[in-house]
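Based on these hints, arrange chain B on the given structure of chain A.
Protein sequences appear in the order of chains A and B. Residues 1 to 275 (the numbering used here) make up the first sequence, in order. Residues 1 to 255 (the numbering used here) make up the second sequence, in order.
Because the hints were derived from the structure by calculation, they are not lab data. The beta carbon of each residue, even a glycine, is placed where N, CA and C say it ideally should be. Worth double-checking, as some hints may not be accurate.
[To be verified] Some but not every residue of chain B turned toward chain A, in silico, with C-beta under 7 Å:
hint: 1; residue: L71
hint: 2; residue: Y76
hint: 3; residue: W86
Given next are the chains, with one letter for each unit.
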Amino acid sequence: MNATRLALALGGRLEPRPRAAATPRAIALRVAPPLCFGVAVVALWQLYVAVSGVRESIFPSPLEVARALGRDSGVLVSAGWTTLSEILLGYAVAIVVGVALAVAVSSSRLIERALYPWLVVSQMIPIPAIAPVVVLWTGFDIRPRLIVIALVSFFPIAVNTIDGLRATDAELVGLLRTLGAGRRQLFRVARLPTALPYLFSGLRVAAALAVIGAVFAEWVGASSGLGYLILSYSSQTETADVFAAIAVLAVIGVALFALVGIAERLLIPWWQLED
Amino acid sequence: MKLAASGITKRFADGVEALGGVSIELREGEFCSIVGPSGCGKSTLLAILAGLIEPSAGRIALDGEPAGRLLGRIGYMPQRDLLMQWRTTLENATVGLELAGVPRAKARAAALAEVPGFGLAGFEEHRPSSLSGGMRQRAALLRTFLAGRDVLLLDEPFGSLDALTREAMREWLLGIWDTHRKTILLVTHDVEEAVFLSDRVYVMSGRPGRVQATLEVPLARPRSLELTATAEFAQLRERLLAPLREEARAALGAA
Chain A
1 MNATRLALAL
11 GGRLEPRPRA
21 AATPRAIALR
31 VAPPLCFGVA
41 VVALWQLYVA
51 VSGVRESIFP
61 SPLEVARALG
71 RDSGVLVSAG
81 WTTLSEILLG
91 YAVAIVVGVA
101 LAVAVSSSRL
111 IERALYPWLV
121 VSQMIPIPAI
131 APVVVLWTGF
141 DIRPRLIVIA
151 LVSFFPIAVN
161 TIDGLRATDA
171 ELVGLLRTLG
181 AGRRQLFRVA
191 RLPTALPYLF
201 SGLRVAAALA
211 VIGAVFAEWV
221 GASSGLGYLI
231 LSYSSQTETA
241 DVFAAIAVLA
251 VIGVALFALV
261 GIAERLLIPW
271 WQLED
Chain B
1 MKLAASGITK
11 RFADGVEALG
21 GVSIELREGE
31 FCSIVGPSGC
41 GKSTLLAILA
51 GLIEPSAGRI
61 ALDGEPAGRL
71 LGRIGYMPQR
81 DLLMQWRTTL
91 ENATVGLELA
101 GVPRAKARAA
111 ALAEVPGFGL
121 AGFEEHRPSS
131 LSGGMRQRAA
141 LLRTFLAGRD
151 VLLLDEPFGS
161 LDALTREAMR
171 EWLLGIWDTH
181 RKTILLVTHD
191 VEEAVFLSDR
201 VYVMSGRPGR
211 VQATLEVPLA
221 RPRSLELTAT
231 AEFAQLRERL
241 LAPLREEARA
251 ALGAA
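Same shape as in the complex, but just chain A:
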């Protein structure tokens, strides 16, 4: 025991900590619980509709939603594509604006005091109410949709990144200053890397919000897309078709969320949330 300790202290080797491997079993353990839960909910839903005899236009059964998915597949794919491209563009705007605001706010006390309260105020705006006004300003093209999506989703990105930029270890900053680091170098070497995990948790929340934002945006300023489709199906009480469109929207949301997770693993492999 003592010999081992001494050997370690004087340059002996420690086995590197093993990383959790993506074995088939590990993947199955990851995928099985949500899948089982989903299947159970759908089964209960189907059972409830069958037993209660509720009308399809009020509460369609999963089978009816599946039929609607098949029936509308062409429309859903093209509307889904429109909405997806809006979401990606709006999300990109949100990232640029959110990160830029965070860097500005954390760069000086004065800017922080001047801007931070207004960032919070921006989230008090009832987006669906202001969306038609945005359309008046910009015209009936993709711009109001991008603005609405970005307005809904930039906030968690900005707030998380601000927290992350503030979270830098003060002692590390001191150490780097004794090594000659200036402001810019401190940002690159310490502050930015510290903020990245925070940024990514903001990105995940924002991904979900961007999907909702796209639906809001299409309710007022669009003649295509899933949000528009939901509205028009809804007005015709085609409830099963509404649910089908929501299902496509959910797939987009989950895919976007997963994509952010993958990017996080690739870009900051040193940050391990699990294990």
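Chain B alone, transformed into the frame defined by chain A:
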């Protein structure tokens, strides 16, 4: 005189008087230590010498001249290793060279040459999280050494290690010091560590910190751990402990 500080005081904004006039001197190539009770302002003194905080009063001379701005001219290793988890061991070690604008390849080569001596061979590309406590401290020391300053301030570098690792690290540090010929000021609360490593030991009093005793350590070098078992070593240790014990008793009495 490599580094000379005289009459350093520090009163913080909240009124706490951390240092009450500290004077210490380091000759070129010397290894000196500061021991003292916790809260005596040892770390504050190092932060002042590193240029991170300004003293309230006092003079500091580097190489015989009034030092002016010290930040970036003195090597400093805080208590925590502060290794950045987003960098590999080697990237952590080279950060000082990187900040000084040394080309990446050159910085890496310089670090790789020192890696075996610092007991980090095979761990160059590992993240700090996979290093043992002793390795983390050696990586932090390598970072400090590579930055290339003549004077190094080490703030309880082995404080977080277990007793056996700490002992082994002391002997190792003397070897490193011998090959690199740096001027080192080490802060510790471990009297044995101070005697074993140093040419001279400063004993600080409780807050506000002052130097209450100075002890020259005439033990021959190179020193090995066996030295700690000799009567001569025990005598020196006792001479250091006496004022510290008084201090501790007084602190207990006052409380």
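So which of the earlier hints does this model not fit? none
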